[in-house]
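Student: Please model the entire structure based on the sequences and the hints provided.
2 protein chains.
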Amino acid sequence: MPYAPSASPDFFARHSDLLQRAVEATARRDYWTPFKESPSTKAYGEQAPAEGEAAFQAHLGKPFALDGHPGEGLVEVAEVSPYGMELRVSYPKVTVEQALSAAAAAADTWRGADPDVRVGVAAEILVRLNAASFEIGHAVHHTTGQPFVMAFQAGGPHAQDRGLEAAVCAWAEQKRHPSSARWSKPQRKGGDLAMQSRYTPVGRGSALLVACNTFPTWNGYPGLFASLVTGNPVIVKPHPGAVLPLAITVRIAREVLAEAGFDPNVVVLAAEAAGGRAAAEFALDPRVRIVDFTGSTQFGDWLEDNARQASVYTEKAGLNTVIVDSTDDYQGLLRNLAFSLSLYSGQMCTTPQNLLVPRHGFPTDQGRKSADEFAADLGAALDKLLGDPARAAGTLGALANADILKRLEAAAGLGTTVHPSAEIAHPEYEGAALHTPLIARLDAADHDTYTREWFGPISFVIGVDDTAHALEIFRQTVGAHGALTTAVHSTSEDVLAKVERAALQVGVQLSENLTGAVFVNQTAAFADFHGSAANPAASATLTDAAFVTGRFNILQCRRPATSQENSRV
Amino acid sequence: MPYAPSASPDFFARHSDLLQRAVEATARRDYWTPFKESPSTKAYGEQAPAEGEAAFQAHLGKPFALDGHPGEGLVEVAEVSPYGMELRVSYPKVTVEQALSAAAAAADTWRGADPDVRVGVAAEILVRLNAASFEIGHAVHHTTGQPFVMAFQAGGPHAQDRGLEAAVCAWAEQKRHPSSARWSKPQRKGGDLAMQSRYTPVGRGSALLVACNTFPTWNGYPGLFASLVTGNPVIVKPHPGAVLPLAITVRIAREVLAEAGFDPNVVVLAAEAAGGRAAAEFALDPRVRIVDFTGSTQFGDWLEDNARQASVYTEKAGLNTVIVDSTDDYQGLLRNLAFSLSLYSGQMCTTPQNLLVPRHGFPTDQGRKSADEFAADLGAALDKLLGDPARAAGTLGALANADILKRLEAAAGLGTTVHPSAEIAHPEYEGAALHTPLIARLDAADHDTYTREWFGPISFVIGVDDTAHALEIFRQTVGAHGALTTAVHSTSEDVLAKVERAALQVGVQLSENLTGAVFVNQTAAFADFHGSAANPAASATLTDAAFVTGRFNILQCRRPATSQENSRV
Chain Z
1 MPYAPSASPD FFARHSDLLQ RAVEATARRD YWTPFKESPS TKAYGEQAPA
51 EGEAAFQAHL GKPFALDGHP GEGLVEVAEV SPYGMELRVS YPKVTVEQAL
101 SAAAAAADTW RGADPDVRVG VAAEILVRLN AASFEIGHAV HHTTGQPFVM
151 AFQAGGPHAQ DRGLEAAVCA WAEQKRHPSS ARWSKPQRKG GDLAMQSRYT
201 PVGRGSALLV ACNTFPTWNG YPGLFASLVT GNPVIVKPHP GAVLPLAITV
251 RIAREVLAEA GFDPNVVVLA AEAAGGRAAA EFALDPRVRI VDFTGSTQFG
301 DWLEDNARQA SVYTEKAGLN TVIVDSTDDY QGLLRNLAFS LSLYSGQMCT
351 TPQNLLVPRH GFPTDQGRKS ADEFAADLGA ALDKLLGDPA RAAGTLGALA
401 NADILKRLEA AAGLGTTVHP SAEIAHPEYE GAALHTPLIA RLDAADHDTY
451 TREWFGPISF VIGVDDTAHA LEIFRQTVGA HGALTTAVHS TSEDVLAKVE
501 RAALQVGVQL SENLTGAVFV NQTAAFADFH GSAANPAASA TLTDAAFVTG
551 RFNILQCRRP ATSQENSRV
Chain D
1 MPYAPSASPD FFARHSDLLQ RAVEATARRD YWTPFKESPS TKAYGEQAPA
51 EGEAAFQAHL GKPFALDGHP GEGLVEVAEV SPYGMELRVS YPKVTVEQAL
101 SAAAAAADTW RGADPDVRVG VAAEILVRLN AASFEIGHAV HHTTGQPFVM
151 AFQAGGPHAQ DRGLEAAVCA WAEQKRHPSS ARWSKPQRKG GDLAMQSRYT
201 PVGRGSALLV ACNTFPTWNG YPGLFASLVT GNPVIVKPHP GAVLPLAITV
251 RIAREVLAEA GFDPNVVVLA AEAAGGRAAA EFALDPRVRI VDFTGSTQFG
301 DWLEDNARQA SVYTEKAGLN TVIVDSTDDY QGLLRNLAFS LSLYSGQMCT
351 TPQNLLVPRH GFPTDQGRKS ADEFAADLGA ALDKLLGDPA RAAGTLGALA
401 NADILKRLEA AAGLGTTVHP SAEIAHPEYE GAALHTPLIA RLDAADHDTY
451 TREWFGPISF VIGVDDTAHA LEIFRQTVGA HGALTTAVHS TSEDVLAKVE
501 RAALQVGVQL SENLTGAVFV NQTAAFADFH GSAANPAASA TLTDAAFVTG
551 RFNILQCRRP ATSQENSRV
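Just so you know, the protein sequences line up as chains Z and D, in that order. Residue numbers are given in the working numbering: position 537 of the first sequence equals residue 537, and the series is strictly consecutive. Residue numbers are given in the working numbering: position 112 of the second sequence equals residue 112, and the series is strictly consecutive.
Derived from the structure by calculation, the hints contain no laboratory data. Backbone N, C-alpha and C define an ideal beta-carbon position, used for all residues, glycine too. Hints are not guaranteed to be accurate.
Said to hold, decoys possible - Cβ pair distances, simulated, as ranges:
no. : chain 1 : residue 1 : chain 2 : residue 2 : range
1   : Z       : 276       : D       : 286       : 31 to 37 Å
2   : Z       : 105       : D       : 42        : 58 to 64 Å
3   : D       : 501       : Z       : 493       : 57 to 63 Å
Unchecked claim - Heads up, simulated DSBU-like pairs for lysine-lysine below, C-alpha to C-alpha not over 35 Å straight-line:
no. : chain 1 : residue 1 : chain 2 : residue 2
4   : D       : 175       : Z       : 185
5   : Z       : 93        : Z       : 62
6   : Z       : 42        : D       : 185
7   : D       : 185       : D       : 175
8   : D       : 185       : Z       : 384
9   : Z       : 42        : Z       : 62
10  : D       : 36        : D       : 175
11  : D       : 42        : D       : 62
12  : Z       : 175       : Z       : 185
13  : Z       : 36        : D       : 185
14  : Z       : 175       : D       : 36
15  : D       : 498       : Z       : 175
16  : Z       : 36        : Z       : 62
17  : Z       : 175       : Z       : 36
18  : D       : 189       : Z       : 36
19  : D       : 42        : Z       : 189
20  : D       : 384       : Z       : 185
21  : D       : 62        : Z       : 185
22  : Z       : 406       : Z       : 62
23  : D       : 175       : Z       : 498
24  : D       : 189       : Z       : 42
25  : D       : 175       : Z       : 36
26  : D       : 384       : Z       : 189
27  : Z       : 175       : D       : 175
28  : Z       : 498       : D       : 185
29  : D       : 36        : Z       : 185
30  : D       : 36        : Z       : 189
31  : D       : 185       : Z       : 175
32  : Z       : 384       : D       : 189
33  : Z       : 93        : Z       : 406
34  : D       : 42        : D       : 93
35  : D       : 498       : Z       : 185
Tutor: See below:
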C-alpha cells in the first residue's frame, strides 16, 4: 500500500488547488504565477524585508545548522561576496559514502509514498521557500553578484516558479496511468478473462544536483523538484562559491520532509570547498541514477560520457546569436539589446554573444545602418543605459568570480574594440566594481574567436554579407556548438519564416523583434521553454515531459481478478 | 505553417475516432483493441485466408518491389523457413549512405507536418497492415518458426495493437502543449506585456529500427510508429532471417505516405544478408538520432555504449524468474507453467527460465511437494500438453535458427535433466522437427549456469532453502542481469507483498498466481507494460511516455503580440 503518514499534515490537500492550477498553466502557457515577483512590503508584508535581511546576516560567520544531517564536523567553503564581504559560513562535512548511504536509507519510505503525497510535500517546500525569498535573495546577491532586485526575483519567486513547474510536470506524468485497473477480456465461450493490475511509478535511485555559481536556485530547483516528486532522494552539491542559497533551500526541504513524517535525509547537502572532486565521485557511483548539472561544457560533456548509469540532464554553454536583418524600431532594438547585454554583466547562459549584422548595412526606420554604425550606436545605447551609477549597479551587479574578469581582460585583444569595458566604482559597496559590457567588431572570417563561448560581458558585432550569409553562419555555429537563445530582427515575414525554419533545424529557441520590455535572456515559467535538448548546449529542458520521464519507471503487478482483488487495491 | 497536403485524403479525420479511443484506452488500461485477433473468415472475410496465403506465396522466389526505393540492384538475404522451405525473395540493395540520404531528403516535409497529420498516416498504415494480417502471418510463420495461429496473432493484430499504442502515446505527448499561445502579463503601470508564441514538436533526426528474428513486427512496430509520429524518418533494418514481414510493412507504409502526399522514403528498408555490419554502421552515423533494437545483450550493450548521438531503446535478454512459495491450485500452476515454457519452444524474451522452488517442499492443495516432485510433475504436465502431435505443433512451432538447437543440445549437460527435450517429426512439414522443452534440476549453488540466459526451450528447477532464499537469489540475479518477466505463486498475501516490494526494487514487471488462461509471457497492449527500463534487460518500455519523449523536442518561437500576430498562427 502507498505510504502516507497519517499523523502528519496533509500537504497535498492543503495545496491541491495550487497544484491543479499549476498543471493547467503548463498546458495553457499564458502568464501565471502564485509567487509575487516584487520585493515589496505590499507583496510580502511590512516585516519581510528586514526579517529576511536579518535572517541572512544571522548566517554569517557561523556553522549552518541542519538537524540530523549525515557527516561529521564542518567544512569551510570560503564563500566571498562579489561585493567584498567574506561570508564565513561553515556547512556539515559529509563524505560521498555518508551522503549516499543516508539518502538510500531515507529513500525507502519516500519511494513508497504516493505521487500525490510527494507533490504535496514539494508544494509546501516551495511555499516556505517563497516566504524566505528575502533571506534567499540576500544569499543569492552575495554569492552570485546579481543586483539585489534580480537576486530576489530570479533567486526567489522565479526560481520557485520553475521548481513548481517541474514538480507538477513530474506529478502529471506519473498520473497518466491509473494506480490500479481491471482488465476484462470477453471470451468466445462466454464469460470474461479478468486481471487486476497495480501500476506503481518508482524512482530510479539517488539523484545528484550539481549547481552553478551564477544561478544556484533558478537552475537548481527544476531538477531538485522533478527528482523529488518522482520518488528519488537528492544530493544537493552546490558550487563552492554559492552554497548558502542552496543550504537554506535544503534546510527548508528537510523541515517539511520531517513534518510530513519522512526521513529528512531525502535531501542531503554536500558542500565542499573549491578544488574538491565530490561531484565527479558522486556521478560515478552506481547508486546515483539521475544527474542534473548546470555549468561548463567540459564537465557537462564529461558527465554525459561517464555517468552512464544515470539519466543525465545538463545545461552547458553555447553561442547565443542575434540575427539583424531589418527593423522598424531601431532605437527599441538598441535599447532592448543593450539591456540584454548589460543585465548581470552578461553572466547569463542566455546572454547574446554573436550579433550577425550585414557589413554594408540593413534598413531601419532611421535609414540604412552599416555594421560599424550599428556597433557604435549599440555602444552609445550601453552608455546611455549605464550612465547613472545607481541604475548601472542595479543592472550590472558584480562579476561572480575572478575567472570572468580575466576573460574580460583577454577579450580586449579581440578584433576591434568598439565599446571597451569600463570599470566603475560601486555606489554602495566599497571595493566592489561594476564592469560594463565590452563589444568587439569582428568579421565573419574570425570564426576561431566567435565559435568559442566568452561567458561574461563580452559580445561581438560580426559583419556578414547579408541575411542569407548570417543564416549560414547561424546554422553552422549553433549546429556545431549549440545555443540557449537566438533572436532575430526583421520586418519581413519571409525572413522571419526562414530564420524560424533554421532555428527548428538546429534546435534552438527563438525570439523575434524584441524591442520592448521582454528580453531574449529572460524566460517565464509555465510559458517559455529554457533549453531545448535539441542542440549541444543543453540536454535539459525547463520543463517538458522529457525532463521528467527519465526519473522514474512504471512497474506493473497483475493477478487474476477474483474475490481477492478487493483486499489489495 | 504546418504542412498538410490538401489534395490528399485526410487520414486524420478518417481515423480520429479510432485515435481518440486508443488514447483513452492507454489511460483506462482495460481490455481494448480495434484489431480482431482470430484468424477467421468471420473476422476478416471469406476470401481473406486464401488471398493472404496467395499474397505470401506470390513473394517467393521473386524480387520484392518497392517503387522509388533508394539503392541499386538486389540483395539475396537467403531467408529459410524453419519449416524447411527457402523463401528466395530478394530485396532492394541499399548502402548506408543511400538510405540515410534518401531518408534525410524525405524528412523535411514529414518533420514539418502537424502531429495530427502524422498520426493519421500512422493509423491508415496500421489499418492496412491489419487487412494484410494473413499475408504477414504467413511471412512471420515462415521466418520465425512461430506456429501459424500465433504468427497471425502476434505478428498481425497484436503487433498492430502495440504499434497503435505507441503511435497514440507519441501523438498525445506532442499535444500536451498548444501549438500557439498568447502570454499576457499585467503591468504595474497598467496595460499588459504580451507575447505570442508558437510551440513546434520537432523530430530529432533519422531513426534506426534494428529488428529481431523471432518477433520482427511485434517488437518492431512500437519503435517504428513512435519515431514516425514524432516526425522522424525510419530506416528499417530487419534481421537477415526475418526480412519479409517487415518488407511487407515497409511497402504498405510507403504506399500510404505517397498517397498522403509525402516522400515515401520517410520509411526505407535496409535489408542485408547474414554477417553484414549495416546495423553498426547506421548506428554510428551522426544523422541517426534514434535507435530501437531488439536482440542480444552483446549488441544492445554495444549500441548503448557507442551510439552516443542517439536516443537508444533496447530490449535485450534477462533471467525471467518464477518464485514458487505455495499454491491452492497445483494442477493449474503446472498446466499454466507448462504452456508458458512450451509456447513457441521457449523462444520468447518473456519465457521463464529460472524456477525457484523450496528444496524440501512447499504447500499445495495436493499436499506438500518437494523441488524434485515439482520438477517431475512439471515434466508430466509438459508431456500431457504436448502428447498430441497436432497440438504440440500448434504450440511449439519450430526453432528459429540453428544456434538455438545447438544451445539446446549443450543444455543436456546441465545439472540433472529431469525432462529431456524430445525431437518429434512435424505433422505437416516434412523435414521440420518439433523440440519439447528441456528441464534441468539445479541447485542454488549452480549460479554460474542459471545467471546466463539460455534462450530457447530450456528452463531450470532450482532448489532453494525457502522463499526468503528465493527472494535473495531473485534480487541478486535479476538486479544484476535483469528480466522481462517475473511470476510468483503464493497463497499468502504477506509473501505476495514481499515479492512485489522486491520486484519494485529490482524494477521488473510481476505476475501473481497465474493458473488459468493468462500467461506470464504474454502482455496485452493498452493494459500491460512490456519492459520496464528499470533493470538491465531493457531500456525500452512498450509503451509509456519515456518511450516517446526522447524522440522529439519542443521548440518555441515567440514575438511581441501586436496586430502582426493574426497573420501567423
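Student: For each hint, tell me whether it holds in the structure or not.
Tutor: Taking the hints in turn, this is what the structure says about them:
no.	hint	result
1	276/Z / 286/D: 31 to 37 Å	35 Å, holds
2	105/Z / 42/D: 58 to 64 Å	59 Å, holds
3	501/D / 493/Z: 57 to 63 Å	60 Å, holds
4	175/D / 185/Z	30 Å, holds
5	93/Z / 62/Z	14 Å, holds
6	42/Z / 185/D	19 Å, holds
7	185/D / 175/D	24 Å, holds
8	185/D / 384/Z	27 Å, holds
9	42/Z / 62/Z	32 Å, holds
10	36/D / 175/D	29 Å, holds
11	42/D / 62/D	32 Å, holds
12	175/Z / 185/Z	24 Å, holds
13	36/Z / 185/D	12 Å, holds
14	175/Z / 36/D	30 Å, holds
15	498/D / 175/Z	25 Å, holds
16	36/Z / 62/Z	31 Å, holds
17	175/Z / 36/Z	29 Å, holds
18	189/D / 36/Z	16 Å, holds
19	42/D / 189/Z	16 Å, holds
20	384/D / 185/Z	27 Å, holds
21	62/D / 185/Z	41 Å, violated
22	406/Z / 62/Z	32 Å, holds
23	175/D / 498/Z	25 Å, holds
24	189/D / 42/Z	16 Å, holds
25	175/D / 36/Z	30 Å, holds
26	384/D / 189/Z	23 Å, holds
27	175/Z / 175/D	16 Å, holds
28	498/Z / 185/D	29 Å, holds
29	36/D / 185/Z	12 Å, holds
30	36/D / 189/Z	16 Å, holds
31	185/D / 175/Z	30 Å, holds
32	384/Z / 189/D	23 Å, holds
33	93/Z / 406/Z	31 Å, holds
34	42/D / 93/D	40 Å, violated
35	498/D / 185/Z	29 Å, holds
Violated hints for the displayed structure, listed by number in ascending order: 21, 34.
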